[in-house]
Amino acid sequence: MDLIEEIVSREECIERELRIAPINNTEIMSPLKTVLKDIEIRIDHIERKIKENALREKRCQTLPMNITDEFIRIDRIEMKMRDTLAETNGPTRSALPARMKQNS
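Under the UniProt record's numbering, the very last position in the sequence shown is 104; numbers go up by exactly one each time.
Just so you know, the hints here were simulated from the structure itself, not pulled from any lab data.
In this text, all values refer to a predicted model and were calculated from it rather than measured experimentally.
In this text, a Cβ means the ideal position worked out from N, Cα and C, and glycines have one as well.
Incorrect hints may appear among the rest.
[To be verified] Computed spacing ranges between beta-carbons, pair by pair:
hint, residue 1, residue 2, range
1, V35, I74, 56 to 66 Å
2, R42, F71, 14 to 24 Å
3, R16, E47, 36 to 46 Å
4, E17, I41, 46 to 56 Å
5, I43, I72, 41 to 51 Å
6, R19, H45, 45 to 55 Å
7, I4, E78, 51 to 61 Å
8, R56, L32, 17 to 27 Å
9, D44, E5, 42 to 52 Å
10, I4, I74, 43 to 53 Å
11, M79, L3, 46 to 56 Å
12, K58, P31, 38 to 48 Å
13, M81, L55, 32 to 42 Å
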């Protein structure tokens with residue numbers, strides 16, 4: 001039995017007790033108030049979990065964009081490093097044959 005079914009079952013029991021018992025009977029009302037308070041606490045807990053899950057899903061939806069931006073940033077850094085190395089070391093081996101062909 002899941003939590004929602006349990007809550008509905010308890011609510012139905014409370015309704016039956018209220019129909020049968022006199023309202024001013026504290027022996028019955030006190031436990032019923034305790035059960036109602038317990039149900040309210042559980043409902044609050046469920047609502048909080050739903051909100052947490054919604055926030056988590058929202059963060060997961062924005063995560064791929066952040067990852068994509070990070071990859072783009074890394075690619076740019078790699079390109080700058082290659083350019084800097086090319087300037088420092090002169091032409092790379094793959095560029096040498098093309099230049100040699102141009103000179104001949």
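Hints, one by one, checked against the model:
Taking 56 to 66 Å as the suggested C-beta distance range, the pair V35 and I74 conforms, at roughly 57 Å. R42 and F71 have their C-beta atoms about 44 Å apart, which leaves the hinted 14 to 24 Å range violated. For R16 and E47, the Cβ-Cβ distance of about 26 Å falls outside the hinted range of 36 to 46 Å, so the restraint is violated. The beta-carbon spacing between E17 and I41, approximately 20 Å, falls outside the hinted interval of 46 to 56 Å.
I43 and I72 have their C-beta atoms about 45 Å apart, which keeps the hinted 41 to 51 Å range intact. A C-beta distance of roughly 29 Å is found between R19 and H45, which places it outside the suggested range of 45 to 55 Å. At about 52 Å, the CB distance of I4 to E78 agrees with the hint of 51 to 61 Å. Here the CB-CB span from R56 to L32 is close to 36 Å, at odds with the stated 17 to 27 Å.
A hinted range of 42 to 52 Å for the beta carbons of D44 and E5 is inconsistent with their spacing of about 18 Å. Under the hint 43 to 53 Å, the C-beta atoms of I4 and I74, about 46 Å apart, fit the expected range. A C-beta distance of roughly 54 Å is found between M79 and L3, which places it inside the suggested range of 46 to 56 Å. With their beta carbons about 41 Å apart, K58 and P31 fall inside the hinted range of 38 to 48 Å.
Roughly 38 Å separates the CB atoms of M81 and L55, a value that falls within the hinted 32 to 42 Å.
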